[in-house]
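These are the residues of each chain, in order.
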Amino acid sequence: MMRAHLRARWLAAAVFGLGAAGRADVLPEDRTDVLYHRYEGGGLTVQGPSVLVRKKFGDSFSASYQYYEDLISSASIDVVSQASTYKEKRTQHNLNLDYLHGSTLYSAGFIYSDEPDYKSNTGFFSISQSMFGDLTTISFGYTQGWDRVGEVDKGVFQKWVGNADHRNWSLGMSQVLTRNLLLGLNFETDESDGYLQNPYRGVRFVDPFSAKGYSFGPAVAPSTRTGSAGALQLKYYLPWHAAVDGNYRLYSDTWGILANTVKIGYTQPLFTDWTLEATARYYWQRHASFYSDLYPFEDSQNFTSRDRELAQFHSLSLGLGGSWEFHPGWPHWVDKGTLNFNFNRLHIDYQDFHNNLIPSLVPGDEPLYTLDANVMQFFISFWY
Amino acid sequence: MSKVVSCKMASPVLLGALLLGSMLLGGCSPIEPWVKPYEREHLADPIMSFDRNPISNSYLDHVFEVREGAHGATGSVGGGCGCN
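If you read the protein sequences in the order shown, they are chains A and U.
The first sequence begins at 8 in our numbering and counts up by one.
The second sequence begins at 112 in our numbering and counts up by one.
Errors might be hidden in some of the hints.
Derived DEER-like restraints, expressed as beta-carbon distance ranges [claimed, not checked]:
1) A:Ile145 to U:Ala155: 16 to 24 Å
2) U:Glu152 to A:Thr261: 44 to 52 Å
3) A:Ile387 to U:Ile142: 41 to 49 Å
4) A:Tyr113 to U:Trp145: 26 to 34 Å
5) A:Val163 to U:Ala155: 52 to 60 Å
6) U:Lys147 to A:Tyr149: 30 to 38 Å
Source of the hints: derived by calculation from the structure; they are not laboratory data.
Predicted model only: the values in this text are computed from it and were never measured.
Note that the Cβ used here is the ideal one computed from N, Cα and C, for glycine as well.
Extracted from the complex, chain A is given alone in its bound form:
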C-alpha cells in the first residue's frame, strides 16, 4: 500500500533574506543560526535541525548557506485512510550570493531539495534599489523551479510519475512613513505546469457495493495553475520601547482558491537582554472549484481532488517567543549571541473535509475533521 505522501508543493518564492522591508543599501548581517524544529499534530511528527551561515566578503559581497532537514514520521488521517504509516527524511540546501553596488543590491541563489520520491531544483535572482533618501526600497525577483515527482512503496522507490515546472515573479516595496512607522508591500504571481497532484492521494466516491458505502479512486488535478498574492505589512514603534505589527494577505488562483490571511504581532524588550514576542494569525480559504470530500460516483467530473489543502477551512495560530541576549568573551570575534525559543499552537477547522475514520451510516455524514498541532523552535544565533 502506498504511503499518503502529502501534496507536492514548491514554495512560492520572493527574495531570500529580503523581506518587504529589507534594505538595499547594506549587506545582510554576518550571523550564524542553529535551529531545532518540531511539529507534532494530526498523527504527524516532523523534526530536525537547520543551520544558516551568512558572511560578508569585503564591502560589496555577501554569501549565505542554509541546511535544512525534516525527519518525518506520519500516521495522519490520509495515511491511515489510504496507505500505511511511513518514515522518511528530506534535506534542503540553499546557497545565496549578494552583491552591493551603491544603493543597489543584487542577489542570486540556488536551492536543492531531496527526498526519496521528490527532487526539486530552484534558482532565483532579485534586485533591490534604495531611493528617496533611503526612505523607499523597491525590489524585484524572479524564481524558477524544476521538480521531479516519484512514488515510493514500503520504502522502495517505484517510478517517476511526472515533472513540474514553476515560475514566479515578485515585486516588493518598503517605505518609511514616519519616524515610528514602516510599511511593506509585496506582490507575487506564479505559474506552474506539469504533474501538480499528490500521487498518493485518491478521491472518495459513493459506492453502494462497498460495505462502508464509499470507495477510493485516483485523483486528477489540472496540469496548470496560476496564482497571485498581495500582502501589506505595517510595523509601529510604541513609546514604551515595544513594537506592534500587522499583516494582511490576499491570495487567489485559477483553481478557484481564494484566501485571506491576517496576522498581528507584539514585541516587547524586557530589562536589558530579554525580548518577548506574541503573535496571532488567522487564515481562511475557499475550496478549489473541483474539490469534493465525496463525489456522487466514480469519474463524475474531469478534475477531482480530496486534498485537505484544497478544502475550505479556517485556522488560528497563536505564538509565544522569548529571546535572551548574551555577550560571550570567547571567541573574541563573536559580538553577541541570542538563545531563542518559539512555540505556536495551530488549530484548523475544516468545513468540507469529513473524518471518514469515524464510522457513519450514511457516507458524508461523518463529523468534520479538525487538526491541532504544536510547533516548537529552539535556536541559538551568533553575530560576528
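Mind docking chain U on chain A? Use the hints.
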C-alpha cells in the same frame, strides 16, 4: 466667436501640458526625505525589523504553506515537497 471656441478648447490642453510639465520638472528635483537620518533611531531598533530571525520565519512560513492552498508574498523562498 471662433476665437472664443478655440480658447475654450485650448484651455484643457494647456492645463494638461502645464500639469505634465510640472510633473516632469518635479521629477527632476530631489525629494526631500521627510524623516531625517537623525530621526531614524526607532526604525533602526532591531525590534522594528520585519525579519528579525530569518531562519525561524522561513520555517514557520514552510509549516503554514504546506497545509494551505495559498502561498507567496511572505518574503520566503524554498524548494522541494515539504511533505509534512
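How the hints compare with the structure:
For Ile145 of chain A and Ala155 of chain U, the hinted distance range of 16 to 24 Å is satisfied, since their beta carbons lie about 20 Å from each other. Between Glu152 of chain U and Thr261 of chain A the CB atoms are about 47 Å apart, so this pair conforms to the stated range of 44 to 52 Å. Hint check: Ile387 of chain A to Ile142 of chain U, Cβ distance near 42 Å, so the stated range 41 to 49 Å holds. Range check, Tyr113 of chain A to Trp145 of chain U: Cβ separation about 29 Å, and the 26 to 34 Å hint holds.
The hinted window of 52 to 60 Å between Val163 of chain A and Ala155 of chain U holds, with their beta carbons roughly 55 Å apart. The hinted window of 30 to 38 Å between Lys147 of chain U and Tyr149 of chain A holds, with their beta carbons roughly 35 Å apart.
Every hint, counting from the list given before, is met by this structure.
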